[in-house]
Amino acid sequence: MVKSNSSKIGDLIVAFLCFLLILACLLPMLNVLARSLSSTEALIRNEVLLWPKGLNFDSYKMVLEDPKYTWSLAWTAIITVIGTCLSMVMTIICAYPLTYDNLKGKRFINAMILFTMYFNAGTIPLYLLLKDLNLLNKPAVLVIPYCLSVFNMIIMRSFFYGIPESLRESAEIDGAGPIRILISIYLPLSTPVLATLSLFYAVGRWNGFSDALMFMNNKREYWPIQLLLYNILNNVTSIEVATQEGFTKPGLADSIKAATVMFATVPILLVYPWLQKYFITGVTLGSIKG
Amino acid sequence: MLTAQSNLIKMKKWEKNITYLKRYWTLYLLLLFPVAYFIIFKYIPMTYIQIAFKKYSIVQSPWEMPLADNHGFEFFIKAFSNRDFLLALRNTIMLNFLDLIVGFPAPIILAILLNELPYKKFKRFTQTVAYMPHFLSWIIISGLAKQLFTPTTGLVNIVLNRLGFEPIPFLNDPVHWVWTYVFLGVWQSVGWNTIVYLAAITGINPELYEAAEIDGAGRFRKIWHVTLPGLRPTIITLLILSLGRILGSEFDRPYALSNNLVTEVSNVISTYVYAYGIKGLQFSLTTAVGIFQSVVCVIFLFAANALAKKFGERGIW
Numbered sequence: 014m015v016k017s018n019s020s021k022i023g024d025l026i027v028a029f030l031c032f033l034l035i036l037a038c039l040l041p042m043l044n045v046l047a048r049s050l051s052s053t054e055a056l057i058r059n060e061v062l063l064w065p066k067g068l069n070f071d072s073y074k075m076v077l078e079d080p081k082y083t084w085s086l087a088w089t090a091i092i093t094v095i096g097t098c099l100s101m102v103m104t105i106i107c108a109y110p111l112t113y114d115n116l117k118g119k120r121f122i123n124a125m126i127l128f129t130m131y132f133n134a135g136t137i138p139l140y141l142l143l144k145d146l147n148l149l150n151k152p153a154v155l156v157i158p159y160c161l162s163v164f165n166m167i168i169m170r171s172f173f174y175g176i177p178e179s180l181r182e183s184a185e186i187d188g189a190g191p192i193r194i195l196i197s198i199y200l201p202l203s204t205p206v207l208a209t210l211s212l213f214y215a216v217g218r219w220n221g222f223s224d225a226l227m228f229m230n231n232k233r234e235y236w237p238i239q240l241l242l243y244n245i246l247n248n249v250t251s252i253e254v255a256t257q258e259g260f261t262k263p264g265l266a267d268s269i270k271a272a273t274v275m276f277a278t279v280p281i282l283l284v285y286p287w288l289q290k291y292f293i294t295g296v297t298l299g300s301i302k303g
Numbered sequence: 562m563l564t565a566q567s568n569l570i571k572m573k574k575w576e577k578n579i580t581y582l583k584r585y586w587t588l589y590l591l592l593l594f595p596v597a598y599f600i601i602f603k604y605i606p607m608t609y610i611q612i613a614f615k616k617y618s619i620v621q622s623p624w625e626m627p628l629a630d631n632h633g634f635e636f637f638i639k640a641f642s643n644r645d646f647l648l649a650l651r652n653t654i655m656l657n658f659l660d661l662i663v664g665f666p667a668p669i670i671l672a673i674l675l676n677e678l679p680y681k682k683f684k685r686f687t688q689t690v691a692y693m694p695h696f697l698s699w700i701i702i703s704g705l706a707k708q709l710f711t712p713t714t715g716l717v718n719i720v721l722n723r724l725g726f727e728p729i730p731f732l733n734d735p736v737h738w739v740w741t742y743v744f745l746g747v748w749q750s751v752g753w754n755t756i757v758y759l760a761a762i763t764g765i766n767p768e769l770y771e772a773a774e775i776d777g778a779g780r781f782r783k784i785w786h787v788t789l790p791g792l793r794p795t796i797i798t799l800l801i802l803s804l805g806r807i808l809g810s811e812f813d814r815p816y817a818l819s820n821n822l823v824t825e826v827s828n829v830i831s832t833y834v835y836a837y838g839i840k841g842l843q844f845s846l847t848t849a850v851g852i853f854q855s856v857v858c859v860i861f862l863f864a865a866n867a868l869a870k871k872f873g874e875r876g877i878w
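Sequence lines, in order, name chains A and B.
Following our numbering, the numbering of the first sequence begins with 14 at its first residue and continues without gaps.
Following our numbering, the numbering of the second sequence begins with 562 at its first residue and continues without gaps.
No lab work stands behind these hints: they were computed from the structure.
Wrong hints could be hidden among the right ones.
Unchecked claim - Derived DSS-like pairs: lysine-lysine, alpha-carbon spacing no greater than 30 Å straight-line:
1. 81/A <-> 232/A
2. 783/B <-> 870/B
3. 21/A <-> 783/B
4. 21/A <-> 571/B
Unchecked claim - Listed next, the stretches of chain B that the computed footprint assigns to chain A, with coverage defined by at least 3 CB atoms under 8 Å from CB atoms of chain A:
5. 564-577
6. 587-599
7. 632-644
8. 665-679
9. 724-732
10. 737-750
As the list claims (entries may be wrong) - Only part of the chain A face toward chain B is listed, based on derived beta-carbon distances under 7 Å:
11. 52
12. 110
13. 132
14. 141
15. 142
16. 156
17. 158
18. 189
19. 246
Glycine residues also receive a C-beta, built at the ideal position from the N, C-alpha and C atoms.
Construct all of the structure, not just a fragment, from the sequences and the given hints.
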């Protein structure tokens, strides 16, 4: 069908609105990047908008030479990897048995799990439990308490349900047990959902803040990057980060803060675009709910 | 004779159970770990809920603590006569309500917009960029916001200044803070939330669009009569879930964006619980607040669902 002129104009208006959205998403990042690369004089004179003025890498050097900051980045990477692996294993071993329709007790276990999605005891009971379990201010507290998300489990299960049952039945006839079937049939067919959920868990852990603030506040050596970043951005003076020496100089503080933001952001920005086609499937599956 | 027969049946049942277990015991073994997780980290904390009705004592288990005054409801009464809590309650409702009004329609509009975009590659690029804010933590977003919105040195105010306008105190004045909070929420989630709607749009039968075109419908009429009705079930489901969260509160977002100048609007229930509970050690009071919040959330979810069903929609159950 040939398009009329008015509908072409409509297309252009739509494209223009989308272009504005792109700007709204990218400009803040560009601004922070420009600040992190600019000279202190240019920052004090308010000259830096979207392009660095007086290009230099001093603030990056200062941040990288600060052992507290680099350790926090490394530590966050460590707990992100460990946490994601643990979460994926837990999600798989929770979702897989629940796809067996004739599993006795399935309805009960299902109800028990779903109930926690609608009602939870709240922050303080969890805090007191962790205190009684002696987990407060221990590294494990950043990995274990939130290691299994019901929502992600449901996404995984919906995906497993989509795998033809005939595959399982024929493997059962060949004498394969449930675990064998999981490893050699289900998991290899599930790469999209495995990639999606790994991304969700990894981003969740990398960006996690409140659990560290509440459960890890007294152990500075185990602070994940977001908690350290919060303290840097809000000029909390007691944290004794080496980069804070720069905070007394007005322009430098700005560019150092910008550099710390960049370090905490870039790892995620490098990963997510590659997984886009997977996580769209994942989110769509989640919305069809179990 | 009869007993022998019933014994035989019992035997057979027993045998069947044995073969069943032989075959599937590994599934139970797998489930053991997640079930233990849910019991320890979700159900055992529920037993701590009784602290809300008791006088907290650090040396006793929740079961042994003495009942609080006023038949145990002392701390609920205390919460509702505490100015900070009432303020937090008001702010929670206000911010969530504004989020609902502004933030709920936004992804629907964007999804329709993206669907109208004929340039495939540009559409894909827009989507990739629009998903980005979803992957940023609120700490990072608050860092970006501070760099953008500071009255004298922020990008936005530098530009406003050059254009001859007065600087706007985006984050330093209660009223402006509320709108900045809401706007940043839309910025962070609008792209991501289109995913579900775009998937629903792909499910709409293309023949409907063709039929509408033959009937002479233009762009807006097609959106109104085909796209929006096609999105209706998705919209209703997500609306029910949003209504269920009207008293729920995020922690990172208000906590990271807040500052000393705006606490009267930025303190919400979750930050109240943190300040009074974990920092202030008033465990009974804040557990009571937590229960109130959870119960109201469940009630709202059920009410919204019932309401949707009454109007002939499918609901979430």
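Outcome of the hint check:
no. : hint            : in the structure
1   : 81/A <-> 232/A  : holds (13 Å)
2   : 783/B <-> 870/B : holds (27 Å)
3   : 21/A <-> 783/B  : holds (16 Å)
4   : 21/A <-> 571/B  : violated (77 Å)
5   : 564-577         : violated (count 0)
6   : 587-599         : holds (count 10)
7   : 632-644         : violated (count 0)
8   : 665-679         : holds (count 6)
9   : 724-732         : violated (count 0)
10  : 737-750         : violated (count 1)
11  : 52              : violated (15 Å)
12  : 110             : holds (4 Å)
13  : 132             : holds (6 Å)
14  : 141             : holds (5 Å)
15  : 142             : holds (5 Å)
16  : 156             : violated (12 Å)
17  : 158             : holds (6 Å)
18  : 189             : violated (11 Å)
19  : 246             : holds (5 Å)
In this structure, the hints that do not hold are numbers 4, 5, 7, 9, 10, 11, 16 and 18, in rising order.
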